[in-house]
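Asker: Protein chains in written order, with our numbering: chain A, 1 to 317; chain B, 1001 to 1312.
One should not assume that every hint holds.
Mimicking DSBU-like on lysine-lysine, the simulated pairs with C-alpha atoms at most 30 Å apart in a straight line are [said to hold, decoys possible]:
#1 A:LYS292 <-> A:LYS216
#2 A:LYS216 <-> A:LYS278
#3 B:LYS1211 <-> B:LYS1038
#4 A:LYS92 <-> A:LYS76
#5 B:LYS1283 <-> B:LYS1002
#6 A:LYS208 <-> A:LYS292
#7 A:LYS92 <-> B:LYS1002
#8 A:LYS216 <-> A:LYS229
#9 A:LYS76 <-> A:LYS229
#10 A:LYS278 <-> B:LYS1038
#11 A:LYS76 <-> A:LYS278
#12 B:LYS1283 <-> A:LYS278
#13 A:LYS292 <-> B:LYS1002
#14 A:LYS278 <-> A:LYS92
#15 B:LYS1211 <-> B:LYS1031
#16 A:LYS292 <-> B:LYS1283
#17 B:LYS1031 <-> B:LYS1081
#18 A:LYS278 <-> A:LYS292
#19 B:LYS1283 <-> A:LYS216
#20 B:LYS1211 <-> B:LYS1002
#21 B:LYS1283 <-> A:LYS92
#22 A:LYS208 <-> A:LYS229
#23 B:LYS1283 <-> A:LYS208
#24 A:LYS208 <-> A:LYS278
Sample of chain A residues with no beta-carbon within 10 Å of chain B, all distances over it, derived [as the list claims (entries may be wrong)]:
#25 TRP212
#26 ARG232
#27 THR235
#28 ALA236
#29 ALA256
Just so you know, the hints here were simulated from the structure itself, not pulled from any lab data.
Ideal Cβ placement from N, Cα and C applies to all residues, glycine included.
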Amino acid sequence: MSATSPTDALSYYGRPIIKEPVWETDIPLYFFTGGLAGASDLLALGAQLSGNHRLRVSALAAAAAGAAISPYFLIKDLGRPLRFLNMLRVFKVTSPMSVGTWIFSAESATTAVAAACELFSVMPRLRVTAQFFAGLIGPAQATYTGALVAQSVVPAWHEARRELPVLFASSASASAGGAAAILTPAEHAGPARRLGIIGGVAELAASKLMEWRLGKLVGSVYHEGEAGKYTRLATASTLAGTALMALAGRRREGAAAAGTLLLTGSLCKRFAVYHAGKQSARDPHHTSIPQKERGGRAVTQPSSRTGNGSSPSPTTR
Amino acid sequence: MKPGDGVETYEAEAQPRLGFFTDTSVCIGCKACEVACKEWNLVPEDGLAWTGHSYDNTGELNANTWRHVAFIEQQAPDPIKQGKQDFRWLMESDVCKHCTHAGCLDVCPTGAIFRTEFGTVVIQDDVCNGCGYCVTACPFGVIGKRERAAASSPAGAGRTSGQSPDVLQTAVASDGLGAITKRELGGDGGMHKCTLCYDRLQNGMEPACAKACPTDSIQFGPLDELVERARERCGDLVEAGVSEARLYLADENDGIGGAGAFFLLLDEPEVYGLPPQPIVPTKNLGTIWGAAAVAAGALAVGVAAAFLRGEE
Chain A
1 MSATSPTDAL
11 SYYGRPIIKE
21 PVWETDIPLY
31 FFTGGLAGAS
41 DLLALGAQLS
51 GNHRLRVSAL
61 AAAAAGAAIS
71 PYFLIKDLGR
81 PLRFLNMLRV
91 FKVTSPMSVG
101 TWIFSAESAT
111 TAVAAACELF
121 SVMPRLRVTA
131 QFFAGLIGPA
141 QATYTGALVA
151 QSVVPAWHEA
161 RRELPVLFAS
171 SASASAGGAA
181 AILTPAEHAG
191 PARRLGIIGG
201 VAELAASKLM
211 EWRLGKLVGS
221 VYHEGEAGKY
231 TRLATASTLA
241 GTALMALAGR
251 RREGAAAAGT
261 LLLTGSLCKR
271 FAVYHAGKQS
281 ARDPHHTSIP
291 QKERGGRAVT
301 QPSSRTGNGS
311 SPSPTTR
Chain B
1001 MKPGDGVETY
1011 EAEAQPRLGF
1021 FTDTSVCIGC
1031 KACEVACKEW
1041 NLVPEDGLAW
1051 TGHSYDNTGE
1061 LNANTWRHVA
1071 FIEQQAPDPI
1081 KQGKQDFRWL
1091 MESDVCKHCT
1101 HAGCLDVCPT
1111 GAIFRTEFGT
1121 VVIQDDVCNG
1131 CGYCVTACPF
1141 GVIGKRERAA
1151 ASSPAGAGRT
1161 SGQSPDVLQT
1171 AVASDGLGAI
1181 TKRELGGDGG
1191 MHKCTLCYDR
1201 LQNGMEPACA
1211 KACPTDSIQF
1221 GPLDELVERA
1231 RERCGDLVEA
1241 GVSEARLYLA
1251 DENDGIGGAG
1261 AFFLLLDEPE
1271 VYGLPPQPIV
1281 PTKNLGTIWG
1291 AAAVAAGALA
1301 VGVAAAFLRG
1311 EE
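Work the whole structure out from these sequences, hints included.
Answerer: The structure is reproduced here in structure tokens:
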């Protein structure tokens, strides 16, 4: 139970009201690798359109690496991994996971085609087409995971529904910029550096906005326990990575260090969000107090036939 | 009460909406509902221990607990001897709410969770791939995961750990425990919850828990009749001086569109471990997709901006 929760608020022996998500750490790892792949695909498309061959190859390599490892995390976390394909028998707009499965499948396929063509230097026109579609799908791939966790009853996620997708997009941009800056000679890496800086600044700003909008009770969970540890790591890494990229990104060693820091910050941010959700779900007051303040019609009392005017609230404390 | 989302797809085959009215004012905490549910549905054992919280055994609803009796001990005014303090024991048999707008059903990415012709919500074990999204979408914490192998089954863990479910089955059967189904060993990695005894409903029978309840605390029937009866009962209680009696989830205008399983409570919902004003998370679907679209657009703008200064 978080330190900020009032101890006099009602609960059933302090037990959680909602279930803690059953997802393991594969899921934040997937958010990171999927985000890296999505933003890198768009960066590669930008490089393709601007004729920056060297940067295109680096960004495509990062996208391909992300897209190649993502299915491992995604499928491993299923209770019945062999039934992954059951997700491809339906399309449901009410389920960001269902929509995301299709986004992810399309993005992986197009990235794989582009990467294979690049690797074997064959079918350049197919490569360009595949890269084009991968770049178009990339932003969806980088943001749907934010929508996925927001579409839940977990207070630290659902109440941050307006900010989480943009936080994930920022974090993905920072990681993609960082990865491409590491892999690309400085003279070709200008857009990667700038994307890293834009992403880093946006990630820091989106985090602050999210915590502010969540308010004290729920927002503080991002600074407690495991979530707090990863939030501090993410903030420090992203801050340092952004600054270093701006100051020393034109030097290869500087770009390598800054890129590594941005990647670390992005990864830690997903772990912070993941743990914040678990911690928030465990605290019954995160669920009950905002709900009580919001009000509603879940509890009803039939108007008494004798016109009983007494207060309906019981005196059971 | 409105029909459950999606039941209109049954067209002429749709049945009257069936559900539970759980009147906690007459619950005696016997747990016959828990036992009957386990017996009929072959739900695995979920811990033969005490939680230390009054007479509660399991603490919550979960993959292997489809009915859960909550016990709350309170100092309270004696309802009969006016003005005197007395001990009050609240007991409530909790169950899946079979929501009109069901978050679990909305987010299930495999279509394993569906609305039955009776308006109830059921998980198909043979389709579920164990992604766990429904667990995060339930405002009541009803759904749980049966962990793979026998890790989550304390009774089976000693004999069976580290072996495949098929091996386990033989091992347990030869252990002298007689016929035991694969399902009883749990460990399928899937998500599980109350089915409102779908198989019994299809055969014109009432669910096992309601059948076993000795005080009719659990009442089963067409939902509209139950709501009417519950309003009357609640009014009678209030009139008789039990001013704290209230209905929970019996209003179709609440955050989940009303429930197929609703309750008469004698205290605030959170005292029983229930959310006071639950909302189906898909109620904010538009906001969430909108935020994702804005974020994707912002990402595209960010990348474009990164190229804006041209090549160096």
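Asker: Quick check: which numbered hints come out false for this structure?
Answerer: none
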